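Colleague: Given next are the chains, with one letter for each unit.
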Amino acid sequence: MKKTLLSLSAIALLSNTLIADELSTLKEEIKELQENQQTIIDETSNDKAGFSTVDTSFSHNGMGAAASKVYSSKSALSIGGYGDMYVKMPDNGSAKADVYHFVPYIGYKFSDSIILNTELEFEHGGANAEEAANGPSDAVEGYAIVEFMYLDFLISKEFNVQVGKTLVPMGLINLRHEPTLFNTVQKPLTEKYIIPATWASTGVNTYGSFEDIGISYNAGITQAIDLNNGENGKHEQVIAGTPSPTGKTDIADVAFVGRLDYTGVNGLLLGASVYYGNATQGSVIGSSAFIYDVHTSFEYSGFKAKALYSAVSISNAENIASKSGASESVSNSNGFYVNLEYDVLATLNTTQKVPVFIQYDRVDPTATVTDKFGTSTNSLDGKTATTTFGVNYFPHEQVVLKADYAMSDVIAGNNNDYNTFSLGLGFIF
Amino acid sequence: MYKKLLKLTTLSVASLVLFSACDEQSVATTNIEKAKLGEKLFSDKTLSKNKTMACATCHSLDNAMVDARAKIPNHTYNVNTGGSLGDDNVSIGDRNAPMAAYAFEAPDFHFDNGEKIYVGGFFLDGRAHTLKDQAKGPFLNPLEMNMPNDSAVIARVKDNADYISELKKLYGDDIFENDFKAYDAVADAIATFEQSSTFKTFDSKFDRLSDGDYELTSLEEQGKKLFEGKAMCVACHPIDGYHPLMTDFTYDNLGVPINKELRALNGVKNIDKGLGKEVNDASLDGAFKVSSLRNIAVTSPYMHNGVFKDLKTVVHFYNTRDIEGINPETKEIWDRPEVPQTINDVELGDLGLSNQEEDAIVAFMKTFTDKKFEHLIK
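Going down the list, the protein sequences come from chains W and P. When we follow our numbering, the leftmost residue of the first sequence carries the number 4, and every step to the right adds one. When we follow our numbering, the leftmost residue of the second sequence carries the number 7, and every step to the right adds one.
Chain W on its own, in the form it takes in the complex:
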């Protein structure tokens, strides 16, 4: 009898254990189903296109919201992007319309810690082989490229590793070049000729943040720029030195890139970035490039301010001039800009925004040029001061319409100054 009772008790206990296990398994399965269901809801409820809307307040490692989308997406596959186009009417030339960018971002989460992020870029209306071969020279400008493509290994908040072709983490615009993130129709010249945005190159980048003290950083090794190019001594020498967006690019020499940002005070960003490495891709010995910037931005109740200073210093630029056969090579460049913005709808209870702004942008891309004999002179090529004022209209936080008037004071020569009225539109998704 005792044995029977014991056996029954054991069976009951076993049954209870099995039921408990089963319940636990069922609970897990239900939880998983619920998560999957939520993901499906997330993926389909916001719009019918099959992907979620952008969280415009989200930024991963300083990138724009659309570029960061894969990091916040609940599904494995993420599709985002941006586009902008403009009409510009300079008073010293003919008016032009340009479908400047259409850029899909495609991201994929292999797991919570391994992420693929890519940016495909169609610029100036994309590429047309027939027009490039037979059409006007403007047609050659259009291209379709992979702007960046990297794998991100998320390890901790403090330390992560990106491998592949990434945006070089310098300045304010290079990482955040989506049209809703800057108010002018055209980017400031300082972040074109001094920091050669948009600048992407192949390498390894580590990054992380220490939220308790408001510090974030980037540090990596990337392809060196190649200043021995067809623009030696001219204002486009630095931007022409960034790796070609297509084809097999040289990586004989690499450089260090680092960035430090402080965001410990609400609304404030204060930071600096540096680039140091060989000035060419192995064609010139003994010449190095040092590029740095200091940048800040501040936002408070509809008011935004941005400022950036950047400079380039090339050691032994005469070696480049000597090697290239060009008469000179840039040895120093610098530029800065200040941008002030106020949203006139800031005090109203609306999600729409109408920021008005003014920007002063001064760039001296050939502050000194050096010839093959080591003689440095001041050049005025490209030296320009541009004052721009205008207005944006955000009918939706992801959509912007822009209008501005840029007054360009070309320092070299007389009567070379010109003014440009521009209209633009931009969006992110």
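If you're looking for bench data, these hints aren't it; they were derived computationally from the structure. Do not take every clue at face value.
Here are the computed distance ranges between Cβ atoms for each label pair [claimed, not checked]:
id, chain 1, residue 1, chain 2, residue 2, range
1, W, G129, P, L146, 50 to 58 Å
2, P, K266, W, G289, 55 to 63 Å
3, P, D351, W, G289, 50 to 58 Å
4, W, G233, P, D351, 50 to 58 Å
5, P, K174, W, G233, 32 to 40 Å
6, W, T390, P, R214, 20 to 28 Å
7, W, G233, P, R214, 46 to 54 Å
8, P, G120, W, E38, 37 to 45 Å
9, P, P346, W, G233, 31 to 39 Å
10, W, T252, P, D114, 19 to 27 Å
11, P, D209, W, G233, 45 to 53 Å
12, W, V277, P, L146, 36 to 44 Å
13, W, G289, P, G120, 48 to 56 Å
14, P, D114, W, Y265, 47 to 55 Å
Lysine-lysine pairs mimicking BS3-like chemistry, simulated, CA-CA at most 30 Å apart [claimed, not checked]:
id, chain 1, residue 1, chain 2, residue 2
15, W, K99, P, K231
16, P, K187, W, K99
17, P, K42, W, K91
18, W, K91, P, K142
19, W, K356, P, K231
20, W, K99, P, K42
21, P, K164, W, K326
22, W, K326, P, K42
23, P, K187, W, K91
24, W, K326, P, K236
25, W, K326, P, K175
26, W, K251, P, K122
27, W, K326, P, K231
28, P, K122, W, K326
Being a predicted model, the structure only gives us computed values, none of them experimental. Even for Gly, the Cβ is constructed at its ideal location relative to N, Cα and C.
Using the hints, position chain P against chain W.
Modeller: Then chain P, alone, in the frame of chain W:
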């Protein structure tokens, strides 16, 4: 022990710094020394067959880098016909010696796939693709320095002990083991000299205007507006940007007539096809390099064959070529082009400029003259 270690470290660092400093200076120093050697070679008449002619003969450093002999009274070759007298004192070339100043800024000869045109190069027909190639040409041209071959030039170079030591120092001890290599080094030294500040001062009134140190007169200002507008000069001679070279480095057939005076002297009867012959393309026959307009007011005569002697004549030719204008130098209607089938009739030929407007353009072009040559302006 620590002091020794510190001393050793200091010495090592100092040596490294010194070594680095030496290394950093070497490229510029070497180039300076090459230019000095090139300067001597550039003016050395012993490198021509009869020892009467140097590069500087047709590219006088004191005469805006063109042939000064035409302007010397009672010189054997004292008529301003457009060609240059050769080392044999008999031969006269069929083309006008181009200005050597700023020539180094030309890109190497190439076909621009975007624009579908030939660009850059040296000599008026682009036959030398690089500045160094150009420097090799005149030594061996029978109409110029008339040396039979590169070995003969190197033999003359070896007559000068300084040349031997300097070439060995700059190009290696084995430089004379191969005449071809030595000839290449001689050309490289000359080309390096041609890249020096002697050939680029960028201090004309036009440049000073860019720097804010000069103001155009009202006539020059009018000329500038015409140059950029009605006269369409900037189509081939752009003046925008900083330190423009005032050429787009392309090739064009301007419909220039034969220089009869020159042909009477040199006896040439062939049609000068220019670029067309070099690239074997009949559609480019008669096309010649678009010259820089720097120092244009002091580098008479003009056009590829020196047919015009006065800058105003050139402007008038551009203005009236296609409307039976009168050549002010011959007082006759413009002669027909040497190569009529390929001429540019879009940007010149009938510009509708008045006589006063032509004067204004000439006045503006005078501002393109380097400071050191301003005294040559008539």
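Colleague: Please go over all the hints and tell whether each is borne out by the structure.
Modeller: Verification of the hints:
no., hint, result
1, G129/W <-> L146/P: 50 to 58 Å, "holds, 52 Å"
2, K266/P <-> G289/W: 55 to 63 Å, "holds, 57 Å"
3, D351/P <-> G289/W: 50 to 58 Å, "holds, 52 Å"
4, G233/W <-> D351/P: 50 to 58 Å, "violated, 32 Å"
5, K174/P <-> G233/W: 32 to 40 Å, "holds, 34 Å"
6, T390/W <-> R214/P: 20 to 28 Å, "holds, 27 Å"
7, G233/W <-> R214/P: 46 to 54 Å, "violated, 29 Å"
8, G120/P <-> E38/W: 37 to 45 Å, "violated, 55 Å"
9, P346/P <-> G233/W: 31 to 39 Å, "holds, 36 Å"
10, T252/W <-> D114/P: 19 to 27 Å, "holds, 23 Å"
11, D209/P <-> G233/W: 45 to 53 Å, "violated, 27 Å"
12, V277/W <-> L146/P: 36 to 44 Å, "violated, 53 Å"
13, G289/W <-> G120/P: 48 to 56 Å, "violated, 34 Å"
14, D114/P <-> Y265/W: 47 to 55 Å, "holds, 49 Å"
15, K99/W <-> K231/P, "holds, 24 Å"
16, K187/P <-> K99/W, "violated, 53 Å"
17, K42/P <-> K91/W, "violated, 51 Å"
18, K91/W <-> K142/P, "violated, 49 Å"
19, K356/W <-> K231/P, "violated, 45 Å"
20, K99/W <-> K42/P, "violated, 50 Å"
21, K164/P <-> K326/W, "holds, 28 Å"
22, K326/W <-> K42/P, "holds, 19 Å"
23, K187/P <-> K91/W, "violated, 55 Å"
24, K326/W <-> K236/P, "violated, 41 Å"
25, K326/W <-> K175/P, "holds, 19 Å"
26, K251/W <-> K122/P, "holds, 26 Å"
27, K326/W <-> K231/P, "violated, 39 Å"
28, K122/P <-> K326/W, "holds, 28 Å"
Figure legend: structure checked against the earlier numbered hints; hints not met, in rising order: 4, 7, 8, 11, 12, 13, 16, 17, 18, 19, 20, 23, 24, 27.
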